[in-house]
Amino acid sequence: MFEQAKRGDSLRVSTYARPPLAPISRTCFTLSVITEETPLHAPLEIGFDYTRSLGPVLTHFMTQLANRRITGIRGSDGRVHVPPVEYDPHTAEALTEFVDVSDVGTVRTWSWVSHPVEGQPIQRPFAWALITLDGADTALLHAVDVNSTEQIHTGMRVRVRWADEPIGHITDIAYFVPADAGEERGDAPTPPRPPATERAEDGAVSTVITPIRLDYTHSVSPEESRYLRALAEGRMLGQRCPECEKVYIPPRGACPTDGVPTTTEVELPDTGIVTTFCIVNVPFLGQRIQPPYVTAYILLDGADIPFLHLVLGCEADEVRMGMRVRAAWKPREEWETSLQNVDHFEPTGEPDAPYDSYAHHL
Amino acid sequence: MSNVAVVGFAQAPNVRNTQGTTNGVEMLVPTLAEAFEQTGLTKSDIGFWCSGSSDYLAGRAFSFISAVDAIGAFPPINESHVEMDAAWALYEAWVKILTGEVDTALVYGFGKSSAGTLRRVLSLQLDPYVTGPLWPDSISIAGLQARMGLESGRWTEEAMAEVAARSLADATTNEHAQRSGDAGVAELLANPVVADPLRAHDIAPVTDGASVVVLATAERAREIVDRPAMITGFEHRVDSPSLGSRDLTDSPSTRAAGASAGTDGVELAELHAPFTHQELILREALGLDSGVRVNPSGGALAANPMFAAGLTRIGEAAKQIIDGTAGKVLAHATSGPALQQNLVTVMEGIR
Chain A
1 MFEQAKRGDS LRVSTYARPP LAPISRTCFT LSVITEETPL HAPLEIGFDY
51 TRSLGPVLTH FMTQLANRRI TGIRGSDGRV HVPPVEYDPH TAEALTEFVD
101 VSDVGTVRTW SWVSHPVEGQ PIQRPFAWAL ITLDGADTAL LHAVDVNSTE
151 QIHTGMRVRV RWADEPIGHI TDIAYFVPAD AGEERGDAPT PPRPPATERA
201 EDGAVSTVIT PIRLDYTHSV SPEESRYLRA LAEGRMLGQR CPECEKVYIP
251 PRGACPTDGV PTTTEVELPD TGIVTTFCIV NVPFLGQRIQ PPYVTAYILL
301 DGADIPFLHL VLGCEADEVR MGMRVRAAWK PREEWETSLQ NVDHFEPTGE
351 PDAPYDSYAH HL
Chain B
1 MSNVAVVGFA QAPNVRNTQG TTNGVEMLVP TLAEAFEQTG LTKSDIGFWC
51 SGSSDYLAGR AFSFISAVDA IGAFPPINES HVEMDAAWAL YEAWVKILTG
101 EVDTALVYGF GKSSAGTLRR VLSLQLDPYV TGPLWPDSIS IAGLQARMGL
151 ESGRWTEEAM AEVAARSLAD ATTNEHAQRS GDAGVAELLA NPVVADPLRA
201 HDIAPVTDGA SVVVLATAER AREIVDRPAM ITGFEHRVDS PSLGSRDLTD
251 SPSTRAAGAS AGTDGVELAE LHAPFTHQEL ILREALGLDS GVRVNPSGGA
301 LAANPMFAAG LTRIGEAAKQ IIDGTAGKVL AHATSGPALQ QNLVTVMEGI
351 R
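In order, the protein sequence lines correspond to chains A and B. Under this note's numbering, the residue at position 348 of the first sequence is numbered 348, and the numbers go up by one with no gaps. Under this note's numbering, the residue at position 69 of the second sequence is numbered 69, and the numbers go up by one with no gaps.
These are calculated hints, taken from the structure and not from any lab test. Here a beta-carbon is modelled for each residue, glycine too, at the ideal position from N, C-alpha and C. Each hint should be verified, as a subset may be incorrect.
Mimicking SDA-like on lysine to any residue, the simulated pairs with C-alpha atoms at most 25 Å apart in a straight line are [claimed, not checked]:
(1) B/K43 to A/T257
(2) A/K246 to B/P76
(3) A/K246 to B/G72
(4) B/K43 to A/T264
(5) B/K43 to A/E245
(6) B/K96 to B/R283
(7) B/K43 to B/R16
(8) A/K246 to B/T42
(9) B/K43 to A/R240
(10) B/K43 to A/I305
(11) A/K246 to B/P30
(12) A/K246 to B/K43
(13) B/K43 to A/P242
(14) B/K43 to A/P256
(15) B/K43 to A/D270
(16) B/K43 to B/N17
(17) A/K330 to A/D270
(18) A/K246 to B/N78
Here are the in silico distance ranges between beta carbons for each label pair [unchecked claim]:
(19) A/T154 to B/N191: 19 to 25 Å
(20) A/R185 to B/S152: 41 to 47 Å
(21) A/Q123 to B/S152: 29 to 35 Å
(22) A/H360 to B/N78: 21 to 27 Å
Using the sequences and the accompanying hints, generate a full structural model.
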């Protein structure tokens, strides 16, 4: 797995198949030939439960949904908006007059989904429709459960199929069915329900939670790919910017100073110094080490840009700027295309580097 | 108001799937270099930088910060970003130049649409209380809009196919196009619907890409190119996010932006219409008659790099002025579902 910022448990990066291992090389030399390989990529799933507080209009709407009722709001032109809007779309006036409407309505337009995506209200082919509920003047966007495009048309009457346990969320309207539909089609497959939120004493729903999950194929640059593949072989591989000649590890698709890709590969040792550090005393979600411990910027010998890593192997209060450190590698059988192959850095016991030698790397 | 001009435009190859990162660096480095070569400017000549991109498209936080690496932003630069199509970044840059603080600006947009499932990711731009949680995909929403027009008699399948046929034919001479072809209307209509009522030709492709536009004050512009594309009208407007309360067969925000920008005498228009029927809505709202040449580049139906395609419309239209092939052009950009937000810029070849 390649390095990836983690925020709580919401971000996961799956692992790669482990590449074949090669002998460890820790000597410094420069490669003049760079072989082109396909950049590394991996599935990336991100997720977050968006928790949103509601104003008075949507609080009323969601609370009514929890009671299997649908409520709109009257605009300044007298039209009833369903779903309700908080402010008039034309005058921007704050709206307050709630109007209960029917859970039966008329299809104004529709489109067909033959391959539903994750999270959509019906997990088999279905129609989206704009539906004007009886008593409303604007249309609600929702799903209609019919088995083919032959079964739906503009002007068709549809009614709400309520979720079994309404919680005060738009998905309490599970989907719509033709108004005259019997039970022959059965329940449509639906996505997981969002979590219910805590209700006020009077039952008001003042918060909604909407879990969002997204899937990506995350790619790293060609330069980063070579660096990660080298790590899988126990090597630290940087690259030199052709213009400013700084050595970057990890190498970059563009030198942040010059805007050109780093090119010449530079094999770096796994020793270096602590440029600056902080002592972590605060526990947080997902923490792997018992505080206090030290997170430090490590500048490898021969590199110009430090990277963040852990310093262990001594008391936190013994870590110093300029302290010499060496990588403590995990057992070889655990190596992946990741800087996590280095479990941490630990002191070498050598004399500290003088401040002037790293002042310009801070 | 004729004191800012477009002086350069470059774009990355528009492709279905680039191997590059979602921060766009691999697409931007050569494209920025091309814009510099075209204008003779260097990084240090640029007074202000503004970009358009989206973290939701990239699947990572602050992806636009990584993109800044492509500039080589040291010593520090004067930089901003919009989470919108970069046409809106260009608006910000235009305002920045009008303030008199800077006399040049470089605008770029980029998007790796292929990293996720684009039509699903785009549902996150919807109202997050009553619409977004249902995950309506962008193609389905456009389908609702298309059917409204078809059933009300506002347009026909033939008219939609004509838009596709003309766009794809024009795209055959655009080396940057992702999709092109010479199929006629009858041939296109023989294809099946893929998202009823839409056929494949009605839907812009999923595109990875990037583009760059360089702006300068009139004085600087004349030093850079013989025939700068002077911006003589610029406006952007928005319609309600409540889809069910809009007349989806019309675009009042485009009409208002066009009226403000001033469309009289426009010879050519680059319209950002990711769906065929949306071009029909835009032409009507902007009052473009049949004499106006629309989308000689092939438009978004030929390539639709998210967060760059609107900026590309401005670049393509400006190029027609800079090349001397047109005297007054219009460029349009859209953002949001079913043409919710619209931007119109008018450019003229005046010195």
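Comparing the hints with the structure gives:
1. For a cut-off of 25 Å, the pair hint linking B/K43 to A/T257 stands: about 11 Å separates their Cα positions.
2. For the proposed pair A/K246 and B/P76, the alpha carbon gap of about 18 Å is at most 25 Å, so the pair holds.
3. Of the supplied pair hints, the one linking A/K246 and B/G72 holds, its CA atoms being roughly 13 Å apart against a limit of 25 Å.
4. For the proposed pair B/K43 and A/T264, the alpha carbon gap of about 23 Å is at most 25 Å, so the pair holds.
5. With a C-alpha separation of about 19 Å, the suggested pairing of B/K43 with A/E245 holds against the 25 Å cut-off.
6. Between B/K96 and B/R283 the CA atoms are separated by roughly 30 Å; this puts the pair beyond 25 Å, and the hint is violated.
7. Among the hinted pairs, B/K43 with B/R16 is inconsistent with the structure: their alpha-carbon atoms are about 30 Å apart, more than 25 Å.
8. Taking the CA atoms of A/K246 and B/T42, the gap is near 21 Å; set against the 25 Å cutoff, the hint holds.
9. Taking the CA atoms of B/K43 and A/R240, the gap is near 21 Å; set against the 25 Å cutoff, the hint holds.
10. Our distance criterion of 25 Å between C-alpha atoms is met by B/K43 and A/I305, whose separation comes to about 23 Å.
11. The hinted pair formed by A/K246 and B/P30 meets the criterion: a straight-line CA distance of about 21 Å does not exceed 25 Å.
12. At most 25 Å may separate the alpha-carbon atoms for a hinted pair to count; A/K246 and B/K43 meet this at roughly 19 Å.
13. About 17 Å separates the Cα atoms of B/K43 and A/P242, which keeps this hinted pair within 25 Å; it holds.
14. Straight-line distance between C-alpha atoms of B/K43 and A/P256 comes to about 13 Å, which keeps the hinted pair within the 25 Å bound.
15. Using a Cα cut-off of 25 Å, the hinted pair B/K43 and A/D270 is violated, with the two alpha carbons roughly 36 Å apart.
16. A hinted pair counts as satisfied when its Cα atoms are at most 25 Å apart, and B/K43 with B/N17 does not qualify at roughly 29 Å.
17. Between A/K330 and A/D270, the direct Cα distance comes to roughly 13 Å. Compliance with the 25 Å bound is thereby established for this hinted pair.
18. With a CA separation close to 24 Å, the supplied pair A/K246 and B/N78 stays within the 25 Å bound.
19. The beta-carbon spacing between A/T154 and B/N191, approximately 23 Å, falls within the hinted interval of 19 to 25 Å.
20. A hinted range of 41 to 47 Å for the beta carbons of A/R185 and B/S152 is inconsistent with their spacing of about 30 Å.
21. A hinted range of 29 to 35 Å for the beta carbons of A/Q123 and B/S152 is consistent with their spacing of about 32 Å.
22. For the hinted restraint 21 to 27 Å between A/H360 and B/N78, the CB-CB distance of approximately 25 Å keeps it satisfied.
Violated hints for the displayed structure, listed by number in ascending order: 6, 7, 15, 16, 20.
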